[in-house]
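Enquirer: Residue strings, one per chain:
Protein chains: 2
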Amino acid sequence: MNTRFLDACWGKPVDRTPVWLMRQAGRYLPEYMAVRSKCTFLELCKTPELAAEVTIQPVDILGVDAAILFSDILTPVEPMGMKLDFVPGPVFENPIRSMADVDKLRIPQMEQDVPYVLETLKILRRELASKVPLIGFGGAPFTLACYMVEGKGSKDFAQIKRMMYTAPEVYGALMDKITTMSMEYLNAQIKAGAQCIQIFDTWGGILSPADYERYILPYTTTLINGLNRVETPVIHFVKGAATMLPIVQKAGGDVMGLDWHVNLGTARDILGSAMGVQGNLDPTVLYATREIIEREVKRVLDENADRPGHIFNLGHGILPTVPPENAKFMVECVHRLSQK
Amino acid sequence: MNTRFLDACWGKPVDRTPVWLMRQAGRYLPEYMAVRSKCTFLELCKTPELAAEVTIQPVDILGVDAAILFSDILTPVEPMGMKLDFVPGPVFENPIRSMADVDKLRIPQMEQDVPYVLETLKILRRELASKVPLIGFGGAPFTLACYMVEGKGSKDFAQIKRMMYTAPEVYGALMDKITTMSMEYLNAQIKAGAQCIQIFDTWGGILSPADYERYILPYTTTLINGLNRVETPVIHFVKGAATMLPIVQKAGGDVMGLDWHVNLGTARDILGSAMGVQGNLDPTVLYATREIIEREVKRVLDENADRPGHIFNLGHGILPTVPPENAKFMVECVHRLSQK
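So the protein lines, in turn, are chains H and E.
Numbers given in the working numbering equal positions in the first sequence, counted from 1, plus 56.
Numbers given in the working numbering equal positions in the second sequence, counted from 1, plus 56.
Hints are computed from structural coordinates only; laboratory data are not their basis.
Copies of the same chain look alike in the list, so a pair counts if it fits in one copy or across any two.
Straight-line distance between alpha carbons at most 35 Å, and here's what the computed DSBU-like set of lysine-lysine pairs gives:
#1 Lys211 x Lys306
#2 Lys233 x Lys354
#3 Lys354 x Lys208
#4 Lys295 x Lys384
#5 Lys187 x Lys354
#6 Lys247 x Lys139
#7 Lys306 x Lys354
#8 Lys295 x Lys178
#9 Lys295 x Lys233
Can you build the whole structure from these sequences, using the hints too?
Expert: Shown next as structure tokens:
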């Protein structure tokens, strides 16, 4: 078993910098498209054998140091009582707008309501046993709330912010319920075999630092504190958080995921040595020539300056039109340039 | 004449914090919609009497301390030889993809090619003489290049970044040409009566700090250095720049526009006392109750802590569905809470 990734999560020294890519199992891989062509996206998430197959693909094809469960952050939201569709972006037929809507939401029984997620993890632990560690994941409460209240993607998130500002009791009740659900969902993933948990707060960066502290931080803190993380490190990724790292850091977790809008060295100086970092190459660099991919990988490694506790990654998910050979070359560069 | 705004641009003391709103002449105002209902958006930009009328509306309705020319950042790009349409977002029929495309671009003769812009400014200076100062504006070279290369809005800006990384000579030639055009365009605005220039780099924040420094900074620096700004302060607004303020500051200018993702006091500490700041309320706060609008205005003013050189503004354009009375209340709060 390659333990480079978990060692780095715990801040231990490693022989080379571990690397994986957010959305590494996805549309840019022809092998993924071959599986995906036979079913819908949701069917793929709900069929353990297929979900496990696409999860493992990038481990074999790219040589990454960790696998991440193939699923969607909205998977556990559907059994809360929300009709979910992908067209191709996620759409909820019945967005949350009132206390009555919140009251109707139920906390799923994970073994009954998302058995396919837990089954996928179990298959993966067996199949990955001699290879790499397995990452489970979930959306942060605020990001899930954004989708549940907006009902779909949004440019300005007016609905959720309006709720936050004008109906704080509805917002609070919703966030409490999502936090409870997320805690049970992620603990079920740990029980089923996830060796690390990444929390994705894709929309946490849409608020000002003061509003993040008021409207998001308490819930994410409760969530992270409630995870069975003695043996399971937690990576907390808040996109757009680089201007408020000291606040986001208060939520806890072992590793901070960084997008590409910050110098990685500056972020480490702010976070201190007790917390690791994950990131942070601009995903579009994978459209570049090999020369520039190598230059940019080197720049990120140089910014880290050999400090322990760095996991290399993109600053956001890999883009669907990236040539797979460029992703593979990036992984090779990370391993070659970071070799001790 | 209310000189509060210009005084603050120069870092001089003021009786109350000046305030205006990005996109203050726009769709949220019924008075604007009444004018707009009679013509297309581009016709409105190109008809000086109408453009001047909607420019002045928020001065009278909201009581703001500055007027900003009603126009679009793409106005001077059209006469470079690019067919522009709004559907309703901007679309170029013939996006730039090669050196041949760049070679075909011409530098407009401002008096002949955008006479309506200059005429609008002249009308406005007469009509605003006893009221408030007049701001002219333009897009930063990179933001204009984004639209010209992508051809329309984009989520990941893959086309422009691919050009930047794989065809740097095409990218450089395009940026040079846009920089020259912008310099002539903004100097023509100053000559026609603009008393301050705001440069909008809406997409400058999509790059990493290292890439900003390499691919954007040289061009914006050339542009700002080339402006006739002895009597005309320059506000440089780069959305998403809060993680790289020391780099962006090198471009020059008198005031840094800030989005809402940064604590305004922290930004001032980084920028030092020689540069003013403009911002930075989250635009969605205008959906909130009066109590919360007032709380948030106070927070931003408190973060500034009475330092000279602060112009109050939103951190991005006002949203089209904001109630005008909330914008008016925000302006009142700024004036009331900042009164010396």
